[in-house]
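2 protein chains.
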Amino acid sequence: MQIVKASEFRLEREVDYGTAEQVAVVKRVVQDVRQNGDAGLLRYTEQFDKMVLTAEQLRVSEAEIQAAYQEVEPAFVTAIQEASANIRAFHEKQKRTSWMDVQSDGTLLGQIIKPLKRVGVYVPGGKAAYPSSVLMNVIPAQVAGVKEIVMVTPPATGGVAGIDPYIRVAAAEAGVKEMYRVGGAQAIAALAYGTDSIARVDKICGPGNIYVALAKREVYGTVDIDSMAGPSEIVVLADGSANAAYIAADLLSQAEHDEMASAVLVTSCPELAKRVQAEVISQLASLPRQAIAAQSIEQHGAIIVVEDLEQGVDFVNEMAPEHLEIMTEDPMEWLGRIENAGAIFIGPYSSEPVGDYFAGPNHIIPTNGTARFSSPVDVDMFLKKSSLIRYSKEALLQHGEKIMTIARHEGLEAHARAIEIRMKQEQFENKSQG
Amino acid sequence: MQIVKASEFRLEREVDYGTAEQVAVVKRVVQDVRQNGDAGLLRYTEQFDKMVLTAEQLRVSEAEIQAAYQEVEPAFVTAIQEASANIRAFHEKQKRTSWMDVQSDGTLLGQIIKPLKRVGVYVPGGKAAYPSSVLMNVIPAQVAGVKEIVMVTPPATGGVAGIDPYIRVAAAEAGVKEMYRVGGAQAIAALAYGTDSIARVDKICGPGNIYVALAKREVYGTVDIDSMAGPSEIVVLADGSANAAYIAADLLSQAEHDEMASAVLVTSCPELAKRVQAEVISQLASLPRQAIAAQSIEQHGAIIVVEDLEQGVDFVNEMAPEHLEIMTEDPMEWLGRIENAGAIFIGPYSSEPVGDYFAGPNHIIPTNGTARFSSPVDVDMFLKKSSLIRYSKEALLQHGEKIMTIARHEGLEAHARAIEIRMKQEQFENKSQG
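These protein sequence lines map, in sequence, to chains B and V.
Under this note's numbering, the first residue of the first sequence carries the number 1, and numbering increases by one thereafter.
Under this note's numbering, the first residue of the second sequence carries the number 1, and numbering increases by one thereafter.
For the record, the hints were derived by calculation from the structure and aren't laboratory data.
It is possible that some hints are incorrect.
No copy is singled out in the list; a pair is fine if it fits within one copy or between any two copies.
[As the list claims (entries may be wrong)] Straight-line alpha carbon distances no greater than 27 Å define the calculated DSS-like cross-link-like pairs of lysine-lysine that follow:
1) LYS127 / LYS50
2) LYS117 / LYS95
3) LYS114 / LYS93
4) LYS402 / LYS177
5) LYS93 / LYS402
6) LYS402 / LYS127
7) LYS274 / LYS424
8) LYS393 / LYS93
9) LYS95 / LYS114
10) LYS177 / LYS50
11) LYS93 / LYS117
12) LYS177 / LYS147
Please construct the entire structure, taking both the sequences and the accompanying hints into account.
Dropping the structure here:
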């Protein structure tokens with residue numbers, strides 16, 4: 001792990017937009033499922049997942065979901081249950097209510113805030129199936145009040161339901177009642193347009209491979225989608241008071257995700273820099289995912305020595321990392337100066353995995369510098385708002401002329417006349433009555 | 001205007017994604033400005049806008065902005081000032097604060113809510129320059145607390161500043177201090193990547209032609225962008241108690257926007273349907289934008305007669321219109337049944353132009369059925385959130401095992417070890433002290 005100056009570090013990672021061939025395959029699959037519904041869905045499930053299913057077999061029954069509890073260790077169930085309760089409690093605090101501004105002339109203005117009606121959550125198959133991601137996608141939607149949360153995941157051979165029992169337990173704990181064994185671009189198309197077996201949704205979220213990501217882009221506009229996640233990042237901001245072994249462990253926990261992940265220490269203490277460098281080498285040696293972590297550390301990791309913590313904060317704000325850990329003598333002192341960071345972990349005991357799995361805040365966080373303008377997944381992402389305007393007769397008569405002035409300036413005479421016809425009528429009626 | 005059954009009406013409007021040639025031009029312009037900064041910006045300003053400017057001339061001075069007040073009628077200034085105050089007051093109610101959940105074991109969890117730092121607002125030139133749109137884009141950003149709001153608009157010959165004085169007045173009233181005379185894809189590229197003259201922004205909003213729209217898509221990810229607006233729509237839901245002339249005027253005010261706009265009456269009263277049909281013909285005859293409105297009404301408008309208002313509400317929810325007017329005997333009775341509508345106008349005096357220009361709610365509203373999952377422009381769109389996690393030693397010792405259980409199940413051993421190394425150290429220290 002190189003020790004470099006802030007000016008020498010550049011995080012350059014290309015976003016994968018897929019090959020022309022992948023794009024073409026996805027367009028074809030999406031169009032086919034849109035036109036042919038279940039027939040297309042089943043055909044691609046056979047072609048890509050090597051599973052011959054009937055339409056009736058797409059749905060994973062409630063009994064199949066519940067059976068998973070017999071297949072996993074009780075300690076896992078307990079951990080997932082507590083994590084779910086924490087995630088639910090944190091997201092409950094994000095709930096919002098409709099509001100109204102009641103004016104003395106009889107005018108009412110307001111914002112009606114409602115949950116989306118139906119949301120689809122994609123869960124990848126195989127090794128990329130993380131129970132924690134199921135919780136982080138499903139629970140905010142559920143807390144928002146989304147009534148219908150439907151999960152799709154590729155079918156696999158083996159197991160009672162053909163779907164990883166840990167995923168089934170996480171889904172059950174998060175409150176999923178509707179689950180289908182379909183995956184890939186065909187599943188995304190089914191969620192977007194609907195088929196006889198799967199009703200269309202309003203929003204699709206959850207991670208997936210390049211075909212899933214391209215399919216989400218393809219259907220965006222017909223439904224809403226979540227943002228595309230890039231490789232994960234951590235920046236640790238530390239002074240000489242920090243524990244080098246903790247920092248190295250946290251950097252490696254980021255690096256083990258994949259070769260493109262980025263782990264960066266920014267410190268005002270050259271001695272700490274060296275101690276962390278040595279710790280990384282030592283801890284790396286016994287990691288099961290050593291090859292991945294080593295490549296990530298070499299290619300996208302760095303130890304950056306800054307003059308002082310102010311300069312360190314500038315670096316953090318410029319990079320806008322997904323995860324930031326602050327391990328300094330008085331970490332809360334620095335919180336107010338952080339402009340851009342998706343999740344901020346304060347002090348020695350707030351190791352990133354605490355947030356990844358358990359504490360309650362969401363672990364789906366903007367990557368690749370997008371924390372400059374976007375936010376972790378939250379309840380807001382499953383709400384929609386409508387404006388409410390009840391204008392009174394009094395208000396219309398009082399302000400109508402001004403509305404017409406602006407409309408006429410903009411060359412929209414019919415807009416002005418929609419006001420004028422009412423004013424004339426009401427003034428006429430007022431006169432008749434007077 | 002045809003009277004049809006609900007089942008016979010289909011609103012089909014293709015979204016314009018540009019031609020391959022337009023996409024190629026935009027990619028070239030964006031890359032050029034990204035690489036060559038001001039030099040590229042000035043070259044395209046000469047090529048596309050026929051204006052030869054120096055870098056120093058790009059900025060519109062405060063004096064040039066203020067001079068606009070001498071060029072417009074006082075009645076316009078008054079109307080814009082009152083509209084601005086109303087829009088500001090409505091959006092002030094959307095403001096949010098950071099919050100923290102303080103737990104007894106010393107753990108703090110929270111959500112830090114901050115404004116974006118710098119936002120770019122695009123304002124089209126020529127006839128598409130609407131002062132009201134300036135207010136609707138700028139004021140929510142300002143209320144959110146965005147410190148730097150920068151406006152770009154194509155240069156035009158004539159006038160003190162070469163920029164429409166009505167736009168300058170609206171910008172000044174909304175609080176814009178930084179304005180540049182640049183437009184097109186080159187302006188979007190400058191906002192996204194920054195040049196020597198124009199610092200990069202975090203989000204770009206505002207309407208524009210196809211080149212501007214394509215450029216926004218091209219830079220999305222590097223910066224945030226607002227959603228693409230489709231043609232405007234209105235649905236009026238009315239029973240026999242409604243005033244046919246008011247309804248016709250409101251339908252026409254939507255139809256005059258452009259040929260692709262859609263104006264639909266849904267009514268349970270066949271007599272009202274006929275009266276509105278006649279009123280539309282009669283009012284259309286004297287409209288300045290008659291040709292546009294007539295084409296919109298014929299191609300994308302309809303009068304739909306339903307069995308009862310319940311059926312009407314179903315139609316509304318299926319269509320998810322941008323604007324909905326409810327003109328029934330007891331309109332508030334129906335409000336709670338509306339699932340999907342961007343802005344809801346209640347009763348006879350809430351003509352859509354009241355909301356377009358003056359009442360306070362935003363007039364930038366989801367079109368083309370996207371009110372199913374998205375919302376009018378509001379303060380939230382200029383805020384970003386960071387999660388805060390300060391886990392205590394006590395919490396880590398108590399819950400560490402569960403965190404490790406989930407991490408190890410997911411095959412992420414380094415995640416587990418980041419917890420374990422702390423638990424071992426603290427348990428060791430506790431023992432040494434005991």
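Subject >> Violating hint indices (sorted, rising) >> reply: Hint check: nothing fails, all pass.
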